[in-house]
Amino acid sequence: MSTRTKLQGSGLAALVMGATIALVVFVNTISGAFFGRLDLTESNLNTLSDASKAAVSDLSELEVTLYMSPDLPETVRDEMGRERVMRDVSQKFVDRLNEYRSYSDGNMTIHRVTEDVVERARDAKLRVFSGDEATAKGGRLEFKEYVLGATFHYKSAMEVLPLALYPEHYEFEITKIMARLKDKVAKSILMKDVLTVGETLAEAVATCADAYKAAEPTDDAPTNPFGLLSKEASQARLTALTTNGEAIGGACGPLGDALKAAKELEGKHPAMDHLTRVVDVYVQTRGQIAQVLTGPEEERTRAIQGVDQLAAISAEVVNAHDTLVDSPGRRSIGFICAGKAFCPFPDPQPLIPKELEGVIGQKNPFATQIVGQLGRMSERMNMILSNIERNLFKKKGFNIKRVDINQEIPDDVEAMVLFGAKADLTDWQLYQIDQFVMGGGSLVVFLNGWDVALMNLSPKGDARVTALGKNSSNIGGLLASWGVKPTGKLVAEPTSNDEVTVMALIRQGAMTWQTQRQFPYPILPVLKDMDGSSPLVRAVSSITLPYTTSLELSSEAGVTVTPLISTSADAVAVDMTDFPLEPTEQATKVNALNADGVQVVAAVATGTFKSHFTGKEAPKAPEKETPPGQEKKEEDSSTDASPERLEQGEGRVLVIGSNLGLEDLSPGSIMPDFDLGQLTGGSFEVVDQFRGWAANLQNWEVRLGQIQHTLPDNIQFLFNVLDWSIQQEALVEIRSKQYQRRPLEQLDEDSQSLITLAAIVGAPLLFVLFGLLRLGARRKRRRGLAALAGSRGKV
Amino acid sequence: MSPRNISAIASRELAFFFNSPIAYIAITVFLAVSGVYLFVLYDFFGGNQATIRPLLEQIPLFFILYIPAITMRLVSEEKRAGTIELLSTWPVTDTEIVLGKFFGAVGFIKVTLLMSLVFPLIVSSLGTLDLGMVLGGYIGLLLLGGAYAAMGLLTSTWTKNQIVAFILAVLLCAFFYAIDGMVASFWEGGRDAFAFLSFRAHFANIARGVLDSRDIIFYLSVMVVALALSVQSLQARNWK
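Heads up: the protein sequence lines correspond to chains F and A, in order.
Start counting the first sequence at 1; every next residue gets the next number (our numbering).
Start counting the second sequence at 796; every next residue gets the next number (our numbering).
If you are wondering where the hints come from, they were derived from the structure by calculation, not from laboratory data.
Just to be clear, a hint being listed does not mean it is correct.
Claimed, not checked - Distance condition first, Cα-Cα at most 35 Å in a straight line; then the derived DSBU-like pairs of lysine-lysine:
| no. | chain 1 | residue 1 | chain 2 | residue 2 |
| --- | --- | --- | --- | --- |
| 1 | F | K260 | F | K182 |
| 2 | A | K905 | F | K92 |
| 3 | F | K260 | F | K125 |
| 4 | A | K874 | F | K780 |
| 5 | F | K470 | F | K616 |
| 6 | A | K905 | F | K780 |
| 7 | F | K610 | F | K485 |
| 8 | F | K485 | F | K182 |
| 9 | F | K620 | F | K263 |
| 10 | F | K182 | F | K610 |
| 11 | A | K955 | F | K780 |
| 12 | F | K187 | F | K401 |
Said to hold, decoys possible - Derived coverage of chain A by chain F (criterion: at least 3 residues anywhere in the stretch with Cβ under 8 Å from a Cβ of chain F; other residues may be distant):
| no. | segment |
| --- | --- |
| 13 | 822-831 |
| 14 | 901-914 |
| 15 | 926-933 |
| 16 | 1005-1013 |
Because the structure is a prediction, the values reported are computed rather than measured.
Note that the Cβ used here is the ideal one computed from N, Cα and C, for glycine as well.
Given these sequences and hints, build the entire structure.
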């Protein structure tokens, strides 16, 4: 073949390939602009929900600043210590943001920080994390730091997504931030004067603090081996302070006027009040420094300590100002800490005041040991509660706060939760709750009708106790007047129930050991009948409500009461304290009882509620406690600004028959008969009492351990409830979407091994067998054909 | 171009696989490796989730070795044995030969994927599987497998030696699978730019259950370009 033909051929090939590639590039470019997506997942897991689309289109000029370390590690450890693969995480984050941008009608811009990413992210208050990679510096390991997060700016407001490690949460977090930005900007307008005064005050402190900083000597001050300033260095600082006194005075001059303006706003906003108090301390400290500087020579060095204190206070001013700026539109959920309800906050008061600890030991030597033990118990309780507060609620973005129901309910509290009260509330407390609902608030009540002590420690701390008791709380009366009446009956499901974990003693010959065992437990009903139209439970396939009480619903004028969760028709509702708690006895008993039919265990009431106190005299507010050392103020009736009494109002009430297993952990419940006087009085009874308290604390943990496996699902439900309570149903929808657990059927280890073997060996073996049979049959057929051909050939 | 000719060649190729132990050995190894990954290495029961997504995300890596092993002989063997010249005497065009062989390989991939349905079946018997995600994953694997097969076919047209064809195909598939990661290892800014060419980036979307027209068009484009190159490569023997 000639060279010409070769050239013609290759030329034609190049032409064809060029045209093909051009066509492919063209088609791909066009497809990039006009594309379609089909989400095949069952709950449209990968598609932005309508709520998210609406959230982004609501913000007219949204700027997103993306902080993304370019070299994220392969894996990181999360808060639970589990390893998370980081592959593609940053890409997924960018994809998600781009998806929002595509629905923003061009109103959202994304800007990526490319230089000094970690430092700038730290300044923007993002969370910096480290991987396993480390370098040795100065004899210690320094782990490499990374960031992945973003800040969202809308008008004057800013929100931070500090850490974006979990792609499954992106939509929830981003939409939440967008909704918050919208609220914040809207409410900031209403708080404009407070915010302006706050800003002026914070700026005045910053200018003053800068002046003090500028007055510091520039050269490195010599320090002694303990890191303290040497005498010469102190003197140098003092001289600099005196020399620059005029400059400092000038810079700090506007502080007085700013503070005066702030004080005029007292009572308008708690965050502003806090900022004012901190700045007040700053000003007082300045005054003390000035006084010391004009005092005797030997005391003048104390001014240096004052300057250091000023620096610390000015940092606190920055925090207080940040809180103020962040406060507009923040929706708080108040936990009612009354009626022996579960209250997820550590006790603010120490159990035994420090100054009394020594005195107690002098009167009663035994008590010294008990005081130490009590201190440790109190610390443990506070640690558990602060962990719950931080990890269960605050880290999930819920702004929860303790509500003292005897006092005025703060304005920013949009919903209140009464979590498993097992004692009566006072009339005033009930009235406060009633008026809160009448005023448009949401009320969530988790009931706690039964006290189930299964294999608990006795007060002596040794023997096992199994007893059933009935709790009593008058919250039921209030709820009944709104159409949701707790029956007080304990619900049991004969077949659809969860297991309880019990410590069991196993005896084998002379050996006895303790182990954990699970038993089916009818009073841990697994409930599957949900109101599919409610976002609260729409995506929940089943829920276990421990020791739940049934509810009776009635229709009240203007109120719509809807069952949210119900039992099966086989359920029984018992009202007997001799109902067996031992698992097998309980199952036998429940099977012997006649079914009571479907029982409602959670219900929602919405509409226009009538006050429970209509036609009754409003209860009297309790007298305000006066702090020790302060004189009781005379109440001025002319300035009484008590809110107007409401006879009806549009609120929302959600009642759940169970406390999800979370019992009260306050000193009032764990140490019900604790009396400081008894300790100081030298009584020996306190030793016995202490054993009981220790047992109570241990039983709190035992009880939680018995139903611990139900908590993950229940906590998701709890989050839905909290979002619902502050009218963020859209977030409930998104959470439901992201939280789709698909657990496997529970199998023992042998069954698991069998399935693994079947998958690894069985399926391939079957295929090989099929191949052998097919090839064998084919070979046989070919031999037959060959034989036939051979015989024909012979013929 | 006659569909009948293409179909006849595809059937011939498919029959070749299944009339010899090759198909059975290959599919058996594939199933065993997949099973070991899902149930042992990934710790399926420990994860306690009814999902096969971890396996779906791993199969593209298995395919980098598996599909070139299937495609390596498609043309190179014919070249080595000289039967390619015999084929030329038939009333078929080079395009029909390439397409026929390609569809034969794709048919083999389909059988492999069909056999691997045993895993979603086992998982669905133990919990509620998101069938949409599984469907998306399988569509993605078929598209990705098609792209690998087209590349394997291309390298098979380049050489008479099957081993060389296999190695070239593995390198080509691996390159396009991880091109974004490779670029990012020395130039981070290039990750996003090269993600468009990355099989992995496009597959990640599909594996999570999203069928995006851009991903489908990308895989089809790769197939078209690789097959067009294969046709040209095959035709090159006529220029000598």
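So, going through the hints one by one against the coordinates:
The suggested pairing of K260 of chain F with K182 of chain F holds, with an alpha-carbon distance near 32 Å, which does not exceed 35 Å. At roughly 30 Å between alpha-carbon atoms, K905 of chain A and K92 of chain F fall within 35 Å of each other, so this suggested pair holds. With a C-alpha separation of about 31 Å, the suggested pairing of K260 of chain F with K125 of chain F holds against the 35 Å cut-off. Restraint check for K874 of chain A and K780 of chain F: the C-alpha separation of about 31 Å stays at or below 35 Å, so the hint holds.
Taken as a hint, the K470 of chain F and K616 of chain F pair is honoured in the structure, with Cα atoms around 29 Å apart against an allowance of 35 Å. For the proposed pair K905 of chain A and K780 of chain F, the alpha carbon gap of about 28 Å is at most 35 Å, so the pair holds. For the hint linking K610 of chain F to K485 of chain F, the alpha-carbon distance of about 15 Å falls within 35 Å, and the restraint holds. As the CA atoms of K485 of chain F and K182 of chain F are separated by approximately 38 Å, the hinted pair breaks the 35 Å bound.
Using a Cα cut-off of 35 Å, the hinted pair K620 of chain F and K263 of chain F holds, with the two alpha carbons roughly 31 Å apart. For the proposed pair K182 of chain F and K610 of chain F, the alpha carbon gap of about 33 Å is at most 35 Å, so the pair holds. Between K955 of chain A and K780 of chain F the CA atoms are separated by roughly 33 Å; this keeps the pair inside 35 Å, and the hint holds. Our distance criterion of 35 Å between C-alpha atoms is met by K187 of chain F and K401 of chain F, whose separation comes to about 20 Å.
With 7 residues having a Cβ less than 8 Å from any Cβ of chain F, the segment 822-831 of chain A passes the three-residue criterion, so the hint holds. Taking a C-beta to C-beta cut-off of 8 Å, the segment 901-914 of chain A contributes 3 residues in contact with chain F, enough for the three needed, and the coverage statement holds. Counting residues of the segment 926-933 of chain A whose beta-carbon sits less than 8 Å from any beta-carbon of chain F gives 5, enough to reach three: the coverage restraint holds. Here the segment 1005-1013 of chain A counts 7 residues with a CB under 8 Å from a CB of chain F, which clears the bar of 3, and the coverage holds.
Hint 8 from the earlier list is the only one contradicted by this structure; the remaining hints agree with it.
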